[in-house]
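Novice: Residue numbers for the sequence shown follow our numbering, beginning at 5 and rising by one.
Check each hint, because a few of them may be wrong.
What follows is a list of derived Cβ distance ranges for each label pair [claimed, not checked]:
#, residue 1, residue 2, range
1, R25, R276, 54 to 60 Å
2, G231, Y26, 43 to 49 Å
3, D99, V271, 50 to 56 Å
4, V103, E8, 54 to 60 Å
5, P188, E281, 40 to 46 Å
Hints listed in this document are in silico derivations from the structure and should not be mistaken for laboratory results.
No residue lacks a Cβ here, since even glycine has one placed at the ideal position from N, Cα and C.
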Amino acid sequence: RFDEIVEFAELGPFIDTPLKRYSSGMYARLGFAVAAHVDPDILLVDEVLSVGDVAFQDRSIRKMLSFRDSGRAILFVSHNLSAIEMMCQRVLWLDHGTVRMHGPTADVVRAYLDAVDASLVQDASALPATEALGLDEATLLNSHGDLCTDFDHGEPLRVRLRCLARTGVTDVTCTVTVRGDYAPLFSARSQAFPRWETGAHELECAFASLPVLPGLYRVEVLLAHAGTSAWALPQSVAAFRVRTDLEEFGSSSPVGATKSRGGFLAVPYDWRVRSNEGETHLPGLRLPTNLARQ
Numbered sequence: 005r006f007d008e009i010v011e012f013a014e015l016g017p018f019i020d021t022p023l024k025r026y027s028s029g030m031y032a033r034l035g036f037a038v039a040a041h042v043d044p045d046i047l048l049v050d051e052v053l054s055v056g057d058v059a060f061q062d063r064s065i066r067k068m069l070s071f072r073d074s075g076r077a078i079l080f081v082s083h084n085l086s087a088i089e090m091m092c093q094r095v096l097w098l099d100h101g102t103v104r105m106h107g108p109t110a111d112v113v114r115a116y117l118d119a120v121d122a123s124l125v126q127d128a129s130a131l132p133a134t135e136a137l138g139l140d141e142a143t144l145l146n147s148h149g150d151l152c153t154d155f156d157h158g159e160p161l162r163v164r165l166r167c168l169a170r171t172g173v174t175d176v177t178c179t180v181t182v183r184g185d186y187a188p189l190f191s192a193r194s195q196a197f198p199r200w201e202t203g204a205h206e207l208e209c210a211f212a213s214l215p216v217l218p219g220l221y222r223v224e225v226l227l228a229h230a231g232t233s234a235w236a237l238p239q240s241v242a243a244f245r246v247r248t249d250l251e252e253f254g255s256s257s258p259v260g261a262t263k264s265r266g267g268f269l270a271v272p273y274d275w276r277v278r279s280n281e282g283e284t285h286l287p288g289l290r291l292p293t294n295l296a297r298q
């Protein structure tokens, strides 16, 4: 199996190179290739998907799925949540050596993402400010103007920002982004304000309707002016939860159990199957009844 191992690891040109000259990624690739080709009863894999190119990662996933489907056990250690959801039926969440949760994959992944989202949200007044312009406060409001962190699907969201100009600044822009577990979902970018004088300025961005499925989301803000670096990054300033019951969307659909498996945006759909026997309609995702009537 030597040739199979070398080919799988894609280390052919370096196979005669002393191991002490291998990079950590080369070690990991060779180690996984060896382990995967000796037919063990239990396979322990630690962050193997963090090394190699896309082709190697794809081969590794396929190898592990084949191993799992043959009835053998895999202990898969990873921060790659997509791979965990694909690979595992149960998950053990460790936090600094302490067991935080153990249970079905969807439940543990959801709890982990909620905890990470909450920890990333910072107090706006503590955010690092540029020399000239900073964010002093960020609040979330519902359609009545009340402070709110729990919303329903389709409900308006208002993001109010109190900004502080320490000196006169020009070409001020603000971008507000709603972010899901893995990536930004949608953003609103203001037109440039020609000039702000020294003092406090209040901005409010109003989203007419939240198009997202139930779950926890973060609000990121990027406040910029003419002197802001092109590499400036947005800051997480608030979090909110959409609590609409999943049954309102049709829990029997593939979206059903968790947002992490079905995506984030609630786009209605259904399925139709046509054959010689006629047409069959399969329900998919529907909007909550109160929205479907609008």
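Novice: Does 40 to 46 Å hold as the CB distance between P188 and E281, or does it fail?
Specialist: Holds, since P188 and E281 (Cβ atoms, about 44 Å apart) stay within the stated range.
Novice: Cβ-Cβ distance between V103 and E8: within 54 to 60 Å?
Specialist: Given range 54 to 60 Å: violated, Cβ gap about 37 Å.
Novice: Return holds or violated for the Cβ distance of D99 and V271 against the range 50 to 56 Å.
Specialist: 35 Å, violated
Novice: How does the Cβ-Cβ distance of G231 and Y26 compare with 43 to 49 Å: does it lie in that range?
Specialist: With Cβ atoms ~46 Å apart, the hint holds.
Novice: Taking the CB of R25 and the CB of R276, does the distance hold inside 54 to 60 Å?
Specialist: 59 Å, holds
This entry does not satisfy hints 3, 4, going by the numbered hints stated previously.
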